[in-house]
Amino acid sequence: MATKAGIGVKARLEVEDLLYAYADCLDHGDINQWTDFFTEDCTYKLISKENWDLGLPLGTIFAEGRGGLLDRIASVTQTSVYHERALTHMISNTRVLGVEDGVMEITANYAVLETLPNQYTKILNSGRYLAKLVRAGDGAGEGLKIKELICVYDSALVPASIIYPV
Amino acid sequence: MATKAGIGVKARLEVEDLLYAYADCLDHGDINQWTDFFTEDCTYKLISKENWDLGLPLGTIFAEGRGGLLDRIASVTQTSVYHERALTHMISNTRVLGVEDGVMEITANYAVLETLPNQYTKILNSGRYLAKLVRAGDGAGEGLKIKELICVYDSALVPASIIYPV
Amino acid sequence: MATKAGIGVKARLEVEDLLYAYADCLDHGDINQWTDFFTEDCTYKLISKENWDLGLPLGTIFAEGRGGLLDRIASVTQTSVYHERALTHMISNTRVLGVEDGVMEITANYAVLETLPNQYTKILNSGRYLAKLVRAGDGAGEGLKIKELICVYDSALVPASIIYPV
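Those sequence lines, one after another, are chains A, B and C.
Each residue of the first sequence is one higher than the one before, counting from 3 in my numbering.
Each residue of the second sequence is one higher than the one before, counting from 3 in my numbering.
Each residue of the third sequence is one higher than the one before, counting from 3 in my numbering.
In case anyone wonders, no lab produced these hints; they're calculated from the structure.
There may be inaccurate statements among the hints.
The list cannot tell twin chains apart, which means a pair is met if one copy fits it or any two copies do.
Said to hold, decoys possible - With a straight-line cut-off of 30 Å between C-alpha atoms, the simulated DSBU-like cross-links for lysine-lysine are: (1) Lys51 to Lys149; (2) Lys51 to Lys124; (3) Lys134 to Lys51; (4) Lys12 to Lys134; (5) Lys134 to Lys47; (6) Lys47 to Lys124; (7) Lys47 to Lys147; (8) Lys47 to Lys12; (9) Lys47 to Lys149; (10) Lys124 to Lys12; (11) Lys134 to Lys147; (12) Lys149 to Lys134; (13) Lys12 to Lys147.
Only chain A is shown next, with the shape it has when bound in the complex (with noise of 0.2 Å):
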């Protein structure tokens, strides 16, 4: 992996606009959306921080290409049943860790705090997010795509449940 100190002040910058657009998608925007911010030949995986470190593979979320991204958006938008809920995603303590091959390992911190209607507002699912991001090669010129999301999660408790991806 290449040096932190190749890496410059703006890829942590580029990082956080990225994860800050994606989380805007998921709290406000229109989930239809989320897959633009991924890779075709993505993966996207909400895994338990015990699960995790024991280097078990069974996560909460598991969706393999944007195919299956899709699955996932259609069992929010057509299949479950659940209420209305306001979600702010609260994004923190971005790193880029390096680049190799053009591949970009990032993390960062979350907490995505869930209100239920007439219910406080709690903390829904909090902990890290790893990630590798690349270069969109579609001639686009819409810069970082997701090429691969794990969420560990702190808690095996979840409150209620898991609706939306985090």
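Given the coordinates of chain A, assemble chains B and C onto it according to the supplied hints.
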């Protein structure tokens, strides 16, 4: 609205500096200096996401112009009776959406943590800042000022009461 | 203290890099490397806002010099008996207040989220970092080190106990 590409990386950093100074004023500073962050003709509104999404105008706090802000400060410092409390603003996900005719539109997510005497820390209010910022035109060269700040908060339930602006 | 205008935008980014690496060490790294973030003659203090505001010196953790930090690490790794826990630092609102005689004064807000086995995630500790940073003078070119870190936390009540430094 101008394209995002024309904004550049420094704009977000400058906006973050403004928001962090704003929060420091409310959390640890002198609330009498709160008005300094706004233009003379400013608007400040604290409104629930429920009302905001339905287009209903009613806000929990609504102040027009610096005079309106001063009213609010008078309420906090001279009229209201309340417990001392520790407040900590966590501001994240700051995004510059665009600049047009010298007005910068931005969003950010926030969570205000409140601690009352002999109680645990809880989430008092979380949500999103929607703001319009302008360059100070008063020759003081103080940089960005808030022309409009709308705080859209997630939970229609407020634990105890909101004393300070958010 | 030097004026803020003389500091420039890169200073905050560099401070954030330091704080995020610091937090990663405590959340997911090897606590034995915690001392590497400090100067030899450092001070580390964890103190309630109540005591801090009253000018009372008593802190929950107080360590002088790297030797003091090593004592704390020994307590965590060899002496104390406690449950495994997941920790996630959310650090935001980083501000560079000034630089004088090579010492950079900064503040940031933090919330440490803690998850015990089979429990929901809760706010363990939130508050403010007040820190003095210096350039490493040991020829290693490692950048900023912490000369003084005071963690002023909001709630005099601590759920269960604080095992790790904040």
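Query - Lys51 and Lys124: within-copy, between-copy, both or neither at 30 Å Cα - result: Classified as both; 20 Å inside a copy, 16 Å across copies.
Report task. Measure nothing new, just compare the shortest in-copy and cross-copy C-alpha distances for Lys12 and Lys147 to 30 Å and report within, between, both or neither. Result -> both (16 Å within a copy, 22 Å between copies)
Requested in this report: At 30 Å max between alpha carbons, let me know whether Lys47 reaches Lys124 within a copy, between copies, both or neither.
Outcome: both (23 Å within a copy, 23 Å between copies)
**Report entry** Intra/inter-copy verdict for Lys47 and Lys149 if alpha-carbon distance must be at most 30 Å
**Finding:** Intra 11 Å, inter 40 Å, cutoff 30 Å: intra-copy only.
Query - Up to 30 Å CA-CA - Lys51 versus Lys134, copy category - result: within (18 Å within a copy, 33 Å between copies)
Query raised in the report: How would you classify Lys134 and Lys147 at a CA-CA limit of 30 Å: within, between, both, or neither?
Result: Both. Shortest intra-copy (9 Å) and inter-copy (29 Å) distances satisfy the 30 Å Cα cut-off.
**Report entry** Intra- versus inter-copy proximity for Lys134 and Lys12 (alpha-carbon distance at most 30 Å)
**Finding:** both (17 Å within a copy, 25 Å between copies)
Report task. Tell me, please, which holds for Lys47 and Lys12 at an alpha-carbon limit of 30 Å: within, between, both or neither? Result -> within (27 Å within a copy, 33 Å between copies)
Query - Alpha-carbon proximity between Lys51 and Lys149, which holds within one copy, between copies, both or neither at 30 Å - result: Within one copy only: 21 Å inside a chain, 33 Å across chains, cut-off 30 Å.
Query raised in the report: Taking 30 Å as the upper bound on the Cα-Cα distance, should Lys124 and Lys12 be classified as within, between, both, or neither?
Result: Neither way: Lys124 and Lys12 sit 33 Å apart in one copy and 33 Å across, limit 30 Å.
Query raised in the report: Quick one: Lys149 to Lys134, C-alpha cut-off 30 Å, is that within a copy, between copies, both, or neither?
Result: Close inside one copy (5 Å), not across copies (34 Å); limit 30 Å.
**Report entry** Intra- versus inter-subunit Cα pairing at 30 Å for Lys134 with Lys47
**Finding:** Within one copy only: 12 Å inside a chain, 37 Å across chains, cut-off 30 Å.
Hint 10 from the list above is the single one not met by this structure.
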